[in-house]
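Q: Sequence:
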Amino acid sequence: MKKQSIIKAGEIAIEVKKYAKSFIKKDMLLLEIADKIESKIIELGGKPAFPTNTSINEVAAHYAPSHDDETKAHGLLKIDLGVHIDGYIADTAFSLDLENNEENKKLIIASQEALNNAIKLIKNNFEGGGGADGSLTTNQIGKIVQETIESKGFSPIINLSGHEMKENELHAGLTIPNIDDKKEISIKKGLYAIEPFATNGSGRVYDGKPSGIYMVTDSKNIRSSIAREVLEFILEEYYTLPFCSRWLVKKFGAKALFGLRQLEENGNLHHFPQLIETGKGKVAQAENTVLVEDDKVTITTEEN
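Under the working numbering, the first residue of the sequence shown is numbered -12, with each subsequent residue one higher.
One or more hints might be untrue.
[Claimed, not checked] Here are the computed lysine-lysine pairs in the BS3-like style, where the Cα-Cα straight-line distance is at most 30 Å: (1) K130 <-> K170; (2) K27 <-> K238; (3) K110 <-> K59; (4) K5 <-> K169; (5) K153 <-> K59; (6) K170 <-> K207; (7) K110 <-> K153; (8) K267 <-> K139; (9) K93 <-> K153; (10) K93 <-> K23; (11) K242 <-> K267; (12) K34 <-> K110; (13) K8 <-> K92; (14) K59 <-> K242; (15) K153 <-> K139; (16) K12 <-> K130; (17) K267 <-> K283; (18) K(-11) <-> K12; (19) K93 <-> K267; (20) K107 <-> K207; (21) K12 <-> K237; (22) K153 <-> K283; (23) K5 <-> K176; (24) K169 <-> K267; (25) K5 <-> K283; (26) K139 <-> K169; (27) K110 <-> K267.
In short, the hints are calculated from the structure, not lab data. Only a predicted model underlies this, so the values are computations on that prediction, with no experimental measurement involved.
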C-alpha cells in the first residue's frame, strides 16, 4: 500500500470538495457540475477514480450525467467524487440542500453525524490501545450508523454500504454495513470508505435505469473494430476502475456509444444501474475515506 499516494489523493479530494461547495448552485446543469469537479481533480494532479455522482432526492447513488444531459441541480443533491493517484483511491461524498428545506437539512445532519460517530468508533478502537487486533467488527460500525440515523427519526439504507479499497479496486474485500447485520467481521489494517445514507423513505434501494457508469469485467476479444478501439482505450486509461459514457464521447464522439453497446452485449462490461429509494424517500449521503494502520487512523478526505 503506497501511503504517500493515498494521502495525496485525499488532499486533492479535500480541495475539490471545497471547490465544489463554492460553486454549486440550484439550477446549474449537473453536466457542468461533474465536468468542473473532474477538471479540478486533473488540474490538481489526480485522476477521477470514478465518474462524479450527482444524485438527486430519491436517487441514492449512481446518477452520472450523460454527455448531453440537461438535468438541473435541485432538491437534495448528493455529490460523490473519487480521486486516485497511481490507483490509490480517495472516495468522499457530501449532500447539499438546494431548496432551503428543513427535512433536507435534517437528513444531511443525520448522515453526517452517523459518519462522524462511525469514524470516532474506529479511532477509539485503533488509537485507544486496541490496535489492529480484530476486536472492532463491521457490524459494530453498522450499529452506530443505524442508531445515529434512527435517533434523528430517519432510516439507514440497509442495502447500501461502505467498502474496503485496494489498488485499482474501488470495491474490494470487506463491506461496511449501515446497519447491525450481525456479521462480526474484524476490521484490520487497510483503506475503507465509510458512507452512511439516511432517508425518510423505506430504507432500501432498487435498481433503476442504466446510469451510464461502466466497469470492465472481461477483456475478451470482440469482432467490431470500433468496440475494440474503445475497449483498448478503456483498459489503458481506466483499467479496472469505473468510467462513464460521457468520458468516452469526449474522446471518440458518438461512435463511443455504439462501441459501449457492443461491448456490453459481448459481456465485456458491467453497466451499473441508478439506485432508487423504494419508498421514493429523499436520501442524504456523507462519506469519507479512512486509512487504518496498526495504531493510527487517518481520515484522508476530511476537511479541516
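Q: So, for every hint listed, does it hold in this structure?
A: Consistency of the hints with the structure:
no.: 1; hint: K130 <-> K170; in the structure: 11 Å, holds
no.: 2; hint: K27 <-> K238; in the structure: 18 Å, holds
no.: 3; hint: K110 <-> K59; in the structure: 39 Å, violated
no.: 4; hint: K5 <-> K169; in the structure: 37 Å, violated
no.: 5; hint: K153 <-> K59; in the structure: 34 Å, violated
no.: 6; hint: K170 <-> K207; in the structure: 36 Å, violated
no.: 7; hint: K110 <-> K153; in the structure: 20 Å, holds
no.: 8; hint: K267 <-> K139; in the structure: 19 Å, holds
no.: 9; hint: K93 <-> K153; in the structure: 33 Å, violated
no.: 10; hint: K93 <-> K23; in the structure: 28 Å, holds
no.: 11; hint: K242 <-> K267; in the structure: 35 Å, violated
no.: 12; hint: K34 <-> K110; in the structure: 29 Å, holds
no.: 13; hint: K8 <-> K92; in the structure: 15 Å, holds
no.: 14; hint: K59 <-> K242; in the structure: 26 Å, holds
no.: 15; hint: K153 <-> K139; in the structure: 33 Å, violated
no.: 16; hint: K12 <-> K130; in the structure: 35 Å, violated
no.: 17; hint: K267 <-> K283; in the structure: 40 Å, violated
no.: 18; hint: K(-11) <-> K12; in the structure: 36 Å, violated
no.: 19; hint: K93 <-> K267; in the structure: 17 Å, holds
no.: 20; hint: K107 <-> K207; in the structure: 45 Å, violated
no.: 21; hint: K12 <-> K237; in the structure: 25 Å, holds
no.: 22; hint: K153 <-> K283; in the structure: 18 Å, holds
no.: 23; hint: K5 <-> K176; in the structure: 29 Å, holds
no.: 24; hint: K169 <-> K267; in the structure: 27 Å, holds
no.: 25; hint: K5 <-> K283; in the structure: 26 Å, holds
no.: 26; hint: K139 <-> K169; in the structure: 22 Å, holds
no.: 27; hint: K110 <-> K267; in the structure: 35 Å, violated
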